[in-house]
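Q: Each protein sequence line maps, in turn, to chains A and B. So the first sequence is numbered by this note's numbering: it starts at 1 and just counts up by one. So the second sequence is numbered by this note's numbering: it starts at 1001 and just counts up by one.
These are computed hints drawn from the structure, not numbers from a lab. The beta carbon of each residue, even a glycine, is placed where N, CA and C say it ideally should be. Watch out, some of these pointers could steer you wrong.
Some chain B residues near chain A, calculated using beta-carbon distances under 7 angstroms [what the hints assert, rightly or not]:
1) 1209
2) 1326
3) 1327
4) 1408
5) 1419
6) 1421
If you want the footprint, here are the derived chain B segments under chain A, 3+ residues with CB under 8 angstroms [stated by the list, open to error]:
7) 1146-1157
8) 1167-1180
9) 1349-1362
Number of protein chains: 2
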Amino acid sequence: MRDALLELIGDEARVSVSPSVLDQHGSDFTHHRPHAPDVVVFPESTDEVAAVLRYANAERIPVVPYGAGSSLEGHTIPVRGGISLDLTRMDRVVDVRPQDLLAIAEAGVTRTALNAKTQPHGLFFPVDPGADATLGGMAATNASGTTSVRYGSTRANVLALEVVLADGTVVHTGSRARKTSAGYDLTSLFIGSEGTLGVITQVTVRLHGIAELAISARITFPDLEAACRTAVAIVGGGLTAARVELLDERTLRAINAYKETSYLEAPTLFVELTGAEAAVLGDLELVQLAAEGEGALTFDSERGTDAQLALWEARHHAAFALLAAFPDKARRTSDMCVPISELPGAIRHAQELMSANGLEFTVLAHAGDGNYHVGFAFDEDDPAQRAAVQTTNDALVEYALSVGGTCSGEHGIGLGKIGYLQREHGDLLPLMQGIKRQLDPNGILNPGKVLPPD
Amino acid sequence: MRDALLELIGDEARVSVSPSVLDQHGSDFTHHRPHAPDVVVFPESTDEVAAVLRYANAERIPVVPYGAGSSLEGHTIPVRGGISLDLTRMDRVVDVRPQDLLAIAEAGVTRTALNAKTQPHGLFFPVDPGADATLGGMAATNASGTTSVRYGSTRANVLALEVVLADGTVVHTGSRARKTSAGYDLTSLFIGSEGTLGVITQVTVRLHGIAELAISARITFPDLEAACRTAVAIVGGGLTAARVELLDERTLRAINAYKETSYLEAPTLFVELTGAEAAVLGDLELVQLAAEGEGALTFDSERGTDAQLALWEARHHAAFALLAAFPDKARRTSDMCVPISELPGAIRHAQELMSANGLEFTVLAHAGDGNYHVGFAFDEDDPAQRAAVQTTNDALVEYALSVGGTCSGEHGIGLGKIGYLQREHGDLLPLMQGIKRQLDPNGILNPGKVLPPD
């Protein structure tokens, strides 16, 4: 296989079977079991991607696209071996068109690399999943995150795609126009298909103006539900909120330990308001009123870049802080999303369930979207704890579905949630499987992900 | 056929072969040639829709969903006869959930009927295509319109769908959560599929808060390009614009004649700013600055409902005014969308082309989106004029594609644009046709629309 690929790529350094490279592309930092690919290919052009896929399709070899490797559901693990297609060398920002509020980038460009190019024009690409993911990976998984309450997920911010199909055909969806009604929406179909319907090689994204003013507020509450209700009020009021994030007291404790900070260890909302100065200042008052109405314990706001960065750094480092807080434990994160008014009840249910099952846990939520992550810390060598985590996770998903929510708010299905997808959308599976069969008849594209075996 | 359907529906009044009902469902107010269905069925439940589809699928009878009949691309014309499935009796607002910022409605609910239910909660469904379309129709065609510059198209405002498939199977996509990453995005696939992949029977839509203040500005310019550039500045600046509409001098002349108004007959931008008072007032100053920088001739703004309604009434009646202005002529409207910086050039090109070809025309644009409609008024009995209209329309689309735009910004493909879809997305047609075959193997769903024959 390596020889055949070398013939296509013509560069030894870009067709690797080195054990360390295989290992790196066979594992991620989640609980999913690693499985190495047989070879890692680093294409530098769409033509090379097409050549690899033509070959792989003819030979029935699995192909797993790989970007920053920051997926949380095992998307990049080549569970059936084959080729890991590492797109990080396709890292060219093809065009920034400030006059059209868009940019065109190859799949391997990271969001911070893109924003470095757009920032001088006063523009930015708004989706922020935390990790410095690649745009191809973000499109493939429909990444979202802290800013989605304002700007939507990746799907809402992509105008057009270049995609290489399983047989090596290159197609283009969408256009550079800000809207289109030209036929079925294949852009949205490829976005979130997790590498199972095609390999995204180029992305045309919307850019947004960088606001005149950003103010961040950190607000603590006596309980999580009061914090949730405040978040719902902020979103419902149509305020200029760009982020509405919720952290529980355990997460604050971990952040204090990790960052040597002294934040009050109480349920906390982090709110960012961005816009014209008058609008932001007016909305800050409304946020404070809403928070006081819910009995907020403290209300701190910061204006200007440095102080604000410190505040958000705490939030952004939550994931690392939590890893550090339970050094000897395995971690696993859930990703439910419920109608926003159901968030307080969902979090109360999660807390009661975790306590009843004797599990250590933390709660983080993109509260403005109703998307919450319950983090488990457990002893992986203890079968009883492993079983308790699984049972509890199942119950959390079941609860979210029972109130009209979804098993995955933003992390996708990948390896770990195929059963939950069946539970949530069993009626749609035949359609999804039909689309998969049509687009990838030989089943070479990221096999074992998203869908159960046919 | 009527007897079989009567057995399923059990109500003579809801299975009609009356000539006037057949005529009404066989024509629309566009240039597309009418063709009557064999029968019109008025289902009152999803079960009845499913029963009709099971029967039609078994008997290979075409089924064409019908809502308000306000489509502009011939979507509802049963070009191969069969059943016109009129969903207007499925007009129940199932649930308004202000606390979740969503509403659930049957397909036949119109947008104004929905907004009447949500308004007491201070909320509204934002998509406004002008016509009082049904939500099912708006979802099926991914309708957009004057407010899409702020709120996006219908697709961006739908969370979940109930869809009856060709064989009568009822499926549910999406959820009531504000975001989801659970499998392929079938919600987006059904939206804009124009009745060719399934019959949408229920829609769960996002609601938005009604703003504290709305101010409308009417700004006239020495030429269309200056008006366009001002629109681009407004959108690029991220202002609180809810509508940014452009009308040419000919359209203003028609409005004055139709409404007995005395607006200056010059290229005009209609801009609506909505939001918190401080934000709107601040942005109004910025709009005025931008307009003055482009040499605006006049700048009028209105605050408060009555004056504002008068202003927008002029815009909303543009379509009727244009019909009245050319009483003996046939009319046809194009629907291109280009990257916003290309709009001034596209409109200049259109003006030159129309003048060179000796055609009467008007220009209307959702300028904030780069979406423009060139209206032709012509003598349908004159083969030379008919040919000139066709040639000119082709050239307009070709121009839009040449600058990275699309052949349809919001009206869809329907009957009239299948050739343009082939021109724009020839590489995607095999995928679209494959999806169509999978979801509708007998080809009963709105045959002859969107896709060329296989």
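Q: Against this structure, judge whether each hint is valid.
A: Now for the hints, and whether the structure bears them out:
1. 1209: With a closest approach of 4 angstroms, the residue 1209(B) hint holds.
2. 1326: 26 angstroms, violated
3. 1327: 30 angstroms, violated
4. 1408: 4 angstroms, holds
5. 1419: At about 12 angstroms, which exceeds the 7 angstroms cut-off, the nearest Cβ of chain A leaves the hint on residue 1419(B) violated.
6. 1421: 5 angstroms, holds
7. 1146-1157: holds (count 5)
8. 1167-1180: Contact hint for the segment 1167-1180 of chain B vs chain A: holds, 11 residues under 8 angstroms.
9. 1349-1362: That given contact is violated, which follows from only 0 residues of the segment 1349-1362 of chain B lying within Cβ reach (below 8 angstroms) of chain A.
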